[in-house]
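Participant: Line order of the protein sequences matches chains A and B. So in this note's numbering, spot 92 of the first sequence is number 97, and the numbers just go up one at a time. So in this note's numbering, spot 24 of the second sequence is number 117, and the numbers just go up one at a time.
Because the hints were derived from the structure by calculation, they are not lab data. Check before you lean on any hint, since a few could be wrong.
Computed beta-carbon distance windows for the label pairs [claimed, not checked]:
#	chain 1	residue 1	chain 2	residue 2	range
1	B	T113	A	P23	32 to 38 Å
2	A	D59	B	T98	17 to 23 Å
3	B	D149	A	P119	31 to 37 Å
4	B	S205	A	R47	14 to 20 Å
5	B	A95	A	Y66	21 to 27 Å
6	A	G58	B	I147	30 to 36 Å
7	B	T98	A	P45	16 to 22 Å
Since we're looking at a predicted model, the values are computed, not measured. Here a beta-carbon is modelled for each residue, glycine too, at the ideal position from N, C-alpha and C.
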Amino acid sequence: AQSVAQPEDQVNVAEGNPLTVKCTYSVSGNPYLFWYVQYPNRGLQFLLKYITGDNLVKGSYGFEAEFNKSQTSFHLKKPSALVSDSALYFCAVRDGGNTDKLIFGTGTRLQVFP
Amino acid sequence: NAGVTQTPKFRILKIGQSMTLQCAQDMNHNYMYWYRQDPGMGLKLIYYSVGAGITDKGEVPNGYNVSRSTTEDFPLRLELAAPSQTSVYFCASSLTVPQGQPQHFGDGTRLSIL
Numbered sequence: 006a007q008s009v010a011q012p013e014d015q016v017n018v019a020e021g022n023p024l025t026v027k028c029t030y031s032v033s034g035n036p037y038l039f040w041y042v043q044y045p046n047r048g049l050q051f052l053l054k055y056i057t058g059d060n061l062v063k064g065s066y067g068f069e070a071e072f073n074k075s076q077t078s079f080h081l082k083k084p085s086a087l088v089s090d091s092a093l094y095f096c097a098v099r100d101g102g103n104t105d106k107l108i109f110g111t112g113t114r115l116q117v118f119p
Numbered sequence: 094n095a096g097v098t099q100t101p102k103f104r105i106l107k108i109g110q111s112m113t114l115q116c117a118q119d120m121n122h123n124y125m126y127w128y129r130q131d132p133g134m135g136l137k138l139i140y141y142s143v144g145a146g147i148t149d150k151g152e153v154p155n156g157y158n159v160s161r162s163t164t165e166d167f168p169l170r171l172e173l174a175a176p177s178q179t180s181v182y183f184c185a186s187s188l189t190v191p192q193g194q195p196q197h198f199g200d201g202t203r204l205s206i207l
């Protein structure tokens, strides 16, 4: 069965520093991987995805993610964090079959301190 | 475009009551999904639909029902509310092709059952 894991419940980083939010996956076949962000009292917003191609994927708001097949990871990164990046981040993997159902990780809360 | 619209935003129910959570999208998406979000648990898929007249169970369907009579609407029904159904419910939609389309989320319905 497909699954994703987000090993950190919370990540704290100072504004201006680089940030990394970790995600590992377990799939049969080629993975379709996604990152979403959730701000308070809002639904999830799509950030970026990896399906095929370059291992470094660029997305919205200056975020990027690196696909690493050997380590089965898809970590979210940003070179310089902003206070406004503080939110809940979810990694997800496509469940397979002929639909685009997603399996979500448990989420990582990112706190960026001024 | 409004995107995905969920109503109501908040609701308090008594045990045993029933209600319908409404979801509508104006993007002509064939795929629609219902999730529940509980603290520290990520999002769990309740039901999904690949088009009008077609629905299927997700990971946690017990206690819920859905219908999809039109492409735009995907209501979720709770027949006999139980405290375990206290949660935040999100509806999402996505395009059919190509595979790996991102899901678009509504802002959720916060439901408390007392």
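Participant: Compare the structure with each hint and give your call.
Facilitator: Here is how each hint holds up against the structure:
For the pair T113(B) and P23(A), the supplied restraint of 32 to 38 Å is violated, since their beta-carbon distance comes to about 46 Å. Hint check: D59(A) to T98(B), Cβ distance near 36 Å, so the stated range 17 to 23 Å is violated. Judged by the Cβ atoms, the range 31 to 37 Å given for D149(B) and P119(A) is violated: they are separated by roughly 47 Å. Distance hint check: the CB atoms of S205(B) and R47(A) are about 19 Å apart, consistent with the given range 14 to 20 Å.
The hint said 21 to 27 Å for the Cβ distance between A95(B) and Y66(A), and at roughly 22 Å that hint holds. Taking the beta carbon of each, G58(A) and I147(B) are about 32 Å apart, inside 30 to 36 Å as hinted. Distance hint check for T98(B) and P45(A): the Cβ-Cβ separation is about 19 Å, which falls inside the suggested range of 16 to 22 Å.
Of the numbered hints listed earlier, those contradicted by the structure are 1, 2, 3.
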